[in-house]
Structures are given as structure tokens and as C-alpha cells.
Amino acid sequence: MSYHNPYTPPRKSATFDDHTLAEIRRAAATGIYDIRGAGTKRKVPHFDDLLFLGASISRYPLEGYREKCDTTVVLGSRHAKKPITLKTPITIAGMSFGALSGNAKEALGRGATLAGTSTTTGDGGMTDEERGHSQTLVYQYLPSRYGMNPKDLRRADAIEVVVGQGAKPGGGGMLLGQKISDRVANMRNLPKGIDQRSACRHPDWTGPDDLEIKIMELREITDWEKPIYVKVGGARPYYDTALAVKAGADVVVLDGMQGGTAATQDVFIENVGMPTLACIRPAVQALQDLGMHRKVQLIISGGIRSGADVAKALALGADAVAIGTAALVALGDNDPKWEEEYQKLGTTAGAYDDWHEGKDPAGITTQDPELASRLDPIAAGRRLANYLKVMTLEAQTIARACGKNHLHNLEPEDLCALTMEAAAMAQIPLAGTNWYPGKGGF
1 MSYHNPYTPP
11 RKSATFDDHT
21 LAEIRRAAAT
31 GIYDIRGAGT
41 KRKVPHFDDL
51 LFLGASISRY
61 PLEGYREKCD
71 TTVVLGSRHA
81 KKPITLKTPI
91 TIAGMSFGAL
101 SGNAKEALGR
111 GATLAGTSTT
121 TGDGGMTDEE
131 RGHSQTLVYQ
141 YLPSRYGMNP
151 KDLRRADAIE
161 VVVGQGAKPG
171 GGGMLLGQKI
181 SDRVANMRNL
191 PKGIDQRSAC
201 RHPDWTGPDD
211 LEIKIMELRE
221 ITDWEKPIYV
231 KVGGARPYYD
241 TALAVKAGAD
251 VVVLDGMQGG
261 TAATQDVFIE
271 NVGMPTLACI
281 RPAVQALQDL
291 GMHRKVQLII
301 SGGIRSGADV
311 AKALALGADA
321 VAIGTAALVA
331 LGDNDPKWEE
341 EYQKLGTTAG
351 AYDDWHEGKD
361 PAGITTQDPE
371 LASRLDPIAA
381 GRRLANYLKV
391 MTLEAQTIAR
401 ACGKNHLHNL
411 EPEDLCALTM
421 EAAAMAQIPL
431 AGTNWYPGKG
441 GF
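Mind the numbering: the sequence shown is residues 1 to 442 in the numbering used here, read in order.
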């Protein structure tokens with residue numbers, strides 16, 4: 001005889017929660033793994049777990065209305081004849097035409113130019129809209145080599161060799177057939193309407209020695225003018241950074257697992273890579289061990305949302321940051337004004353991540369002409385510029401409060417950690433102590 005205690009409510013398993021049960025049923029029904037865009041949805045230690053220690057007596061703050069706090073950054077000064085100077089250390093990460101609409105790419109270029117920073121092409125080649133409206137444009141050189149040609153390499157202001165991405169280190173991306181329009185197909189030399197998976201590694205090199213040769217080839221093609229970036233997903237940041245430097249990179253871009261993607265396997269997004277917070281200090285240590293910190297610049301990406309995040313990344317040793325998902329939100333993605341249409345797609349504003357399906361009501365992650373026309377690139381560019389301005393002002397405000405007249409003068413001793421995990425990852429003392437896990441002593 002079974003007995004149910006009426007005083008005890010039913011309990012659900014923490015291991016087999018509602019999402020896990022739904023995924024098991026979906027997999028059993030379809031026989032395929034889930035594909036989606038955006039970044040990880042699990043909570044991992046992040047910049048929210050760090051706090052700044054503002055100045056008082058032992059440190060002297062700067063007066064915001066009278067004393068300057070510089071935000072400029074120079075990228076690519078190691079080897080390039082024409083390094084890049086930006087007004088703000090907040091750059092726009094690579095997001096492809098194909099994943100994004102032409103209007104969205106134009107808006108990114110417009111917004112970045114108004115803010116005095118750079119944008120990046122992403123996989124799939126360089127569009128005239130983005131080049132025409134980007135004062136500073138970084139050309140991504142990916143394993144797929146989609147759209148790659150010497151002319152566009154020379155038209156770019158810098159070249160970013162992509163080895164890995166934070167949302168899928170070791171894995172390639174996907175572009176479903178419904179987003180491969182005539183123009184996308186032509187730029188990528190693909191058949192229209194056929195699903196395409198981007199390669200996970202470059203076809204003509206297998207290690208750091210080959211990477212060095214490839215970087216030399218790119219320098220020769222561009223007459224040594226352009227800074228060469230190397231982008232890696234956050235997995236083994238110390239060794240990947242060290243090898244990128246030894247291969248000749250001017251800039252290392254390090255992307256943590258909170259970074260987004262247009263489309264890949266959900267199992268990748270949630271289970272491969274390391275949190276952005278855990279990646280920074282090993283990469284900085286590699287640069288310091290090689291005597292190259294600040295000589296080779298470090299750009300951090302993956303979950304950057306505010307000026308506080310920017311300031312914390314720079315305090316940990318980065319030279320600049322890159323934003324992707326946040327930039328799309330600034331353009332108008334996941335806007336509640338489209339809630340009714342998000343509901344029709346079976347989702348809600350703020351949760352929409354089926355970017356690969358090409359049905360974005362905001363007109364950003366789509367190739368549908370009618371949907372894409374909803375995005376006004378001029379107005380969206382202004383919104384992005386406003387957002388970048390606010391982030392920069394927030395970072396300046398924090399730096400002044402710590403007594404610093406340049407964002408790059410922020411340092412680890414300006415920070416404390418709220419959790420043991422964040423303290424260990426960032427190698428920052430736990431609040432109220434001078435200790436972090438692994439340091440020894442109290």
C-alpha cells in the first residue's frame with residue numbers, strides 16, 4: 001500500500017530539472033542535438049563577483065569634473081607600420097554578414113565610428129556597407145576562408161586570425177540554409193539555401209609553427225601595414241597566448257565561454273571552455289613571462305555588459321574588450337516591443353536565441369528582406385554609439401574613484417572578490433582578507 005504524506009509537497013530533482021527532462025524528450029523525439037545561438041545560460045563566476053576598492057585616505061581619488069581620465073588605446077604597435085588608435089577600449093567583436101543582416105552590419109559600423117572604436121567583419125567576408133561606414137574595420141580570417149581575398153585584406157585596418165571562439169572552442173559554427181540568400185551564397189561561394197557548417201580548424205596549418213608562417217604571409221600581402229590579431233577561445237589561455245605571441249601576433253583576442261555565437265551545438269555552448277573571468281590572469285601571466293605585457297595587446301571578450309565589466313577586465317591586465325551580444329541588444333535585438341512576435345516563435349524577449357533560423361522580428365539576425373528592413377541602420381547606429389559612450393563614462397568614473405588618470409592604470413590591487421571561486425580564478429583577495437585560494441597564508 002503506497003502512502004503519500006499530505007504535508008510534504010512533491011519534490012523535483014535538481015539533477016533532472018524541467019529543462020533537462022525537456023531536452024531528453026526532445027532528443028528522443030528528434031534524434032538530433034539542439035542547435036542555437038547566443039551564449040551560455042548557466043551561471044558561472046563572472047565580473048559581478050568582483051568589487052572595486054575606491055580611494056579614500058590611502059588612495060587619492062580624482063575629481064571627475066576637473067581631472068582627466070584617458071581612455072585611448074593603441075593596438076598593434078609591435079610590428080605593424082600602421083597600428084590602430086581607438087578613443088575607447090571597447091571594440092565590436094566579429095559577427096558575420098549571414099548571421100546578421102546587411103542593415104545590422106551597417107549599424108555596427110556607424111555606431112563604432114561615432115564612438116571612435118573598431119568593428120569586425122566576422123565569418124563570411126567584408127560587405128561594402130560595413131567597410132563604407134566603419135572608420136576602423138578588422139577583417140576576420142577564419143578556417144572557412146569564406147569571402148577571403150587579398151583585396152579585402154588590404155582594405156581592412158587590421159586582420160584577425162581566428163583560431164577559436166569562446167562559445168565553441170574546438171568546434172565550428174553553422175549557417176542554416178534559410179539564411180544563405182543569393183548575396184550570402186555569392187560572398188561565401190556556397191549553394192543558395194543549403195546548410196553550411198564552418199570548419200573548426202584552418203586547412204593549411206596544424207600548429208604554432210604553421211601559424212607563424214601564415215602570419216608572415218598576411219604581413220607580406222598587406223606590406224606589413226596591418227596589425228595582426230590572433231583570436232582564441234578560452235580553454236588553455238596561458239599556452240595559447242604564449243604561442244600566439246611567439247608566432248608573431250601583435251594582438252591576442254581571448255574569448256571566454258560567455259561569448260555568444262550565431263549557431264552551434266547547445267552542448268558546446270554550455271559545456272566547453274572556461275569562464276571569461278578564469279581566462280584573463282593566465283593570459284596576462286603568459287605575456288608577463290615573455291616580457292610582452294602591454295607590448296602585445298590583450299583584448300578580452302565574452303559577457304562584457306557594462307563599464308564596470310570593462311574596468312574590471314582592464315584592472316586584471318587586459319588592454320581592451322570586445323562586445324558582441326551586448327552590441328546587438330543595443331541595436332534593438334530582444335526588444336520587448338516585438339514581444340508579440342517573439343511569442344509566436346515560441347519564445348520571449350530576452351530569451352530569443354534561435355538566431356540561426358533567420359526569423360528575428362528585430363531584423364538583426366536575419367536575411368529576410370522584410371524583417372531586415374525593420375532595422376534603421378542610422379538610428380540603430382546611434383543607439384550603439386550611445387551605449388558605448390555610457391560604458392566608457394562608467395569605466396572612467398570607476399577609474400577616477402580609484403585615483404587613476406588612465407583606464408590602463410587600473411590594477412589588480414584595486415579589486416576584491418566576493419566569492420572563493422572568483423578569488424581563485426582572478427587571483428584577487430577575498431573581500432576583507434589579503435588571501436585567495438592557492439596563495440597560502442591569511
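These aren't lab readings, by the way, just hints derived from the structure by calculation. There could be a bad hint or two in this list.
Unchecked claim - Below, a list of computed lysine-lysine pairs in the BS3-like style, where the Cα atoms sit at most 25 Å apart:
id : residue 1 : residue 2
1  : LYS41     : LYS68
2  : LYS389    : LYS87
3  : LYS41     : LYS246
4  : LYS337    : LYS82
5  : LYS81     : LYS192
6  : LYS81     : LYS344
7  : LYS68     : LYS389
8  : LYS344    : LYS82
9  : LYS43     : LYS82
10 : LYS337    : LYS81
11 : LYS151    : LYS82
None of these values were measured; they are calculated from a predicted model.
Hint by hint, here is what the structure shows:
no.: 1; hint: LYS41 to LYS68; result: 38 Å, violated
no.: 2; hint: LYS389 to LYS87; result: 10 Å, holds
no.: 3; hint: LYS41 to LYS246; result: 35 Å, violated
no.: 4; hint: LYS337 to LYS82; result: 43 Å, violated
no.: 5; hint: LYS81 to LYS192; result: 40 Å, violated
no.: 6; hint: LYS81 to LYS344; result: 52 Å, violated
no.: 7; hint: LYS68 to LYS389; result: 16 Å, holds
no.: 8; hint: LYS344 to LYS82; result: 49 Å, violated
no.: 9; hint: LYS43 to LYS82; result: 41 Å, violated
no.: 10; hint: LYS337 to LYS81; result: 47 Å, violated
no.: 11; hint: LYS151 to LYS82; result: 17 Å, holds
In terms of the numbered hints stated before, the structure departs from hints 1, 3, 4, 5, 6, 8, 9, 10, listed from lowest to highest.
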